[in-house]
Amino acid sequence: MFKLFPTLSRAMMAAAMLLPSTMNAQTPSTASAYDVPFSELWMSWKSDLKNNVWTVEDKNNDKITWGADLGVGNLMCYDGSAQKQDADDWIVSPPIKLVAGQAYRVETSAFRSPQGGQGELSIAYGLSDDPSEYTTIVDKTAVTSALSWGGTLNATQLSGVFTAPTTGNYRFGIHATSKQRGAILLNGVKVTSEAATSVRPATINDLVVEVGAKGAISAKVKFTVPAKDYKGAPLSSVSRVQIYRDYNDLVKVYENPTPGQQIEWNDEAVTGGKHVYSVYTTANDIRSDEAQTSVYVGVDTPMAPQNVRVWDNLDGTAKLMWDETTENSGANGGYVDISERYYHVYLLEYGYLKEPGANYEGLTKPEYTLTDVNYEGSQYVKQYVVKALTNTPTDTLAVSEYGRYGFAVGKPHAMPWVESFPGKTLGAGPWMIDATQTGRFGLGEESQDNDNGSLIFSPQKGQTRACIQGPKVDISNAGNPQLVFWYYAVPGTDGKITMKILRNGQTMETAGVVDYNELEGEQGWRSAAFDLSQFSTTGTENGYIRPFIYAEAENTSIQIDNIKIYDAVASNIEAAIVAPAHVQKGKKCGVTINVTNLGTAKASGYTVSLYVDGKKLETQEGEDLEPNKMASYDFAFTPNLYTEEISVQGQADWDADVVPENNLTEEKIVYVTSAVLPGITDLALQQNGSNAVLTWTGMNNVEGTTVYDSFENYSPWLISNVGDWTLYDGDKAGTYGFGGITYPHMKEAVSFIVFNPWQVSGISSNEMDLFASVFNPRSGKQFMLANAATIDTGTPTNDWLISPALSGEEQTVSFWVKAPNDNVTNNDQYQNAGPETFDVYYSEDDNNPSSFIKINKESLEATCNWTKHEINLPEGALYFAVVYTTTGGLTAYNFEPNYFCVDDVTYKTGGLKVMGYNVYRDGELAKKLDANTTTWTDTEATGTHTYVVITVYANGESLASNTVGVGDNWTGINDIVVAPNNANAPVYNTAGQRVGNNLKDVKGGIFIQNGRKVVVK
76 MFKLFPTLSR AMMAAAMLLP STMNAQTPST ASAYDVPFSE LWMSWKSDLK NNVWTVEDKN
136 NDKITWGADL GVGNLMCYDG SAQKQDADDW IVSPPIKLVA GQAYRVETSA FRSPQGGQGE
196 LSIAYGLSDD PSEYTTIVDK TAVTSALSWG GTLNATQLSG VFTAPTTGNY RFGIHATSKQ
256 RGAILLNGVK VTSEAATSVR PATINDLVVE VGAKGAISAK VKFTVPAKDY KGAPLSSVSR
316 VQIYRDYNDL VKVYENPTPG QQIEWNDEAV TGGKHVYSVY TTANDIRSDE AQTSVYVGVD
376 TPMAPQNVRV WDNLDGTAKL MWDETTENSG ANGGYVDISE RYYHVYLLEY GYLKEPGANY
436 EGLTKPEYTL TDVNYEGSQY VKQYVVKALT NTPTDTLAVS EYGRYGFAVG KPHAMPWVES
496 FPGKTLGAGP WMIDATQTGR FGLGEESQDN DNGSLIFSPQ KGQTRACIQG PKVDISNAGN
556 PQLVFWYYAV PGTDGKITMK ILRNGQTMET AGVVDYNELE GEQGWRSAAF DLSQFSTTGT
616 ENGYIRPFIY AEAENTSIQI DNIKIYDAVA SNIEAAIVAP AHVQKGKKCG VTINVTNLGT
676 AKASGYTVSL YVDGKKLETQ EGEDLEPNKM ASYDFAFTPN LYTEEISVQG QADWDADVVP
736 ENNLTEEKIV YVTSAVLPGI TDLALQQNGS NAVLTWTGMN NVEGTTVYDS FENYSPWLIS
796 NVGDWTLYDG DKAGTYGFGG ITYPHMKEAV SFIVFNPWQV SGISSNEMDL FASVFNPRSG
856 KQFMLANAAT IDTGTPTNDW LISPALSGEE QTVSFWVKAP NDNVTNNDQY QNAGPETFDV
916 YYSEDDNNPS SFIKINKESL EATCNWTKHE INLPEGALYF AVVYTTTGGL TAYNFEPNYF
976 CVDDVTYKTG GLKVMGYNVY RDGELAKKLD ANTTTWTDTE ATGTHTYVVI TVYANGESLA
1036 SNTVGVGDNW TGINDIVVAP NNANAPVYNT AGQRVGNNLK DVKGGIFIQN GRKVVVK
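To convert a position in the sequence shown, counted from 1, into the numbering used here, add 75.
Keep in mind that a hint or two might mislead.
Just the calculated beta-carbon pair ranges, DEER-fashion [said to hold, decoys possible]:
#, residue 1, residue 2, range
1, Tyr109, Met990, 51 to 57 Å
2, Glu701, Thr756, 43 to 49 Å
3, Asp606, Thr368, 34 to 40 Å
4, Asp606, Asp699, 53 to 59 Å
5, Asn331, Gly146, 54 to 60 Å
In silico SDA-like cross-links for lysine to any residue, where the CA-CA straight-line distance does not exceed 20 Å [as the list claims (entries may be wrong)]:
#, residue 1, residue 2
6, Lys983, Ala711
7, Lys856, Pro871
8, Lys571, Asn552
9, Lys807, Arg515
10, Lys690, Ala603
11, Lys743, Trp792
The hints are simulated quantities; they were obtained by calculation from the structure and are not laboratory data.
Glycine residues also receive a C-beta, built at the ideal position from the N, C-alpha and C atoms.
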């Protein structure tokens, strides 16, 4: 059936349904008044909320409020991930005794969820139970810090000082007013008494540290002693001024300085390097807030070359350029000695630096000519990196970090070009993240076009701008080139989307801007269209454009989806297909075909069809579509049981369409996988005329089942819900990725991911096999991959792969591991990474990481070769875990950690509950039976037929049973066809599993081919 998505109706309906009808009654606290100091650490927050010690006020009645259990320990959580309007929710304290005229401080801190938008909090207090009547202490504050490993050190701080006007029992309210979807995680709350604030010195506001010129080792600290307190009243005296270097070293104290005195102090003990100076003033034993500044003393290392770019000459050559390194180009803000200055240029591939051509090192000018630019073949990104080398006082050269640029080569995409990020993938790339921006785009599941994928930018403090660079698109034959995309509008906020176009790899100009502050109406998906006529490449040989998407915001999450570049004509519909990567044998395969009207006129009278393995399966009538609207059409079918893979393709047929070439979707391959649970092995058949009676032994009371899992039965790029496996990210840190290669969740804070090396984006088909030869599975096409926490986080890697429930008996589990980037084991000449370390744990309780016991005393190692590990588990072990670890930022081999792979795991599970049986005839489902029925009669068993039975368990389906059959071509085990080894057609074993493409692929034995038994000698 179809689903039509107009621009605003869904958002308007949601907003209307969420309008509050009544206000909640105010809730008094059941607790007696507390004394100051007061501290709430949320140790018993569930019972406190249940018993109304702390109370919650859901002012907008949207049922989204404080008290969400997000499994993050002792934090009070507001889960606004599904909110459709601004938050208006209070968490209100029990009463606290305050004294008139006394100054108090209330303070807390908070995180936002890593995947959500920024939160917003304020703090108020009052004598009633209605927080809307309270006096504000802390104004609305953006919660910018995402939850990460490291406790409260990086949380957004909220703190305020106030004086109680009267003596009484006051309550404090923390008010969530977030405008964006996402969670807020609140740390502990404290209320403390303040000393007499009228004599607290003001903070020094003119602190300056002057460093020596031209890299000389000296530092002069200059400031003015405050003459007033923090409220502006004059100070009669100051008892001392303290100067600290690098936080802990008290390097100078001035006793009893005069208020307003100018102070200059030479730090004669300073050494070369980066230093932080802090100055405090004390008056009447009350110290001021810190004044702080950072400087670099001596000769600095140059910063990474800036503004790296490529000018495509469109003739097979291009010029790589960057800004000149100057004396002011210090990586730490210091002086750079450019009396000697050189540049090196490299090509970065799969983490390795390669020669980009001739004479690529020791360059004296900020440019380099590329002579191998390709305009044909699969499109991919070449990443060029540049480093600067400058003089130092020790006659060595200081080396910068790398500046980099992704240059797209290959044949441009033809129009229409469409990127919808299906299933959180970059399907129409290559795409390249601009690493020079402060923020990063990611991929999310919510989408405009119902394909579970979109582009997301979630800003946080210091990360307010992001850019993603698109692929090459050929618009030379377009009479009216247009760019259309969808975005989730949040009117009146600070979000901004700027679409820029790089024309012919040379000049960049803006195509259009969407400014959220200028939008009106409700939140929801909207489309934006920009004319690309000014970027025409008609008549230019090898011409192309590339879209560059910029997102800017401080508090607003930005979502983008369904981007199209096409030639706008009157009648033009386009079909796109959404299909799963895998479907299990016996399960229905769901496929969606999205039809979009790219024309300028309404589309009516078209049909939509699904093709399976080249044959039309079903056709649906299309609904009327206005320009730039989309409809989705859902199809479902059950693949043949003996099929290992199927192709699916969609087509929209419309007689009026003047661009029929985009009516047929791409062909998607769906892999049909077998289950890992045990199946029937004694299926028998007795024929009586046209009746075929099947019988088998029931699978009740199955215990201690041995499972072999090669991770082939899961969709690639899953980071959760991988069967019954539990994936736990213990480090919560960003991870390493690949240069020039992309895949869903790359560089995100995740633990393990289902990895398929043949489904990454950003490299050509020729390079795909090279990449897969390094990141090769132990078997099949997939494995579990963990990416290490990046060294800049300072966080040890701690990624857990926790097994499904075990049998509880003493057993030996096995698995294979690999560190694909290890080049120490093979003694490579240029070594960039070594073996990776891991540990193995078991639990006798549950699958919470805190319940596990470590087995190995010394860390185990994974090398560049797949290696099998067998681990003995004691009786009572209910789970085991493979944990990718590093003891610090570097591995034991003094390299940055990289990647860790796990594949082909064998273990024994607990019992399996049988729910029923599915009988298949000729690969098609014929009958569903309950768990107590172990026989079935086919009353129409004329001709040749084959039968198998699959057991349905509560937690999945089994392998197929042995195959039995009837008919002239099925004569039983005593009259088997003897086949030559060159017979062509897929070959299956008696369990229904494909074991070869023809009989050449199998050794001697009995097999199924073309529905009949054959023996290979």
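Please write out, lowest number first, the hints stated earlier that are contradicted by the structure.
2, 3, 4, 6, 7, 8, 10
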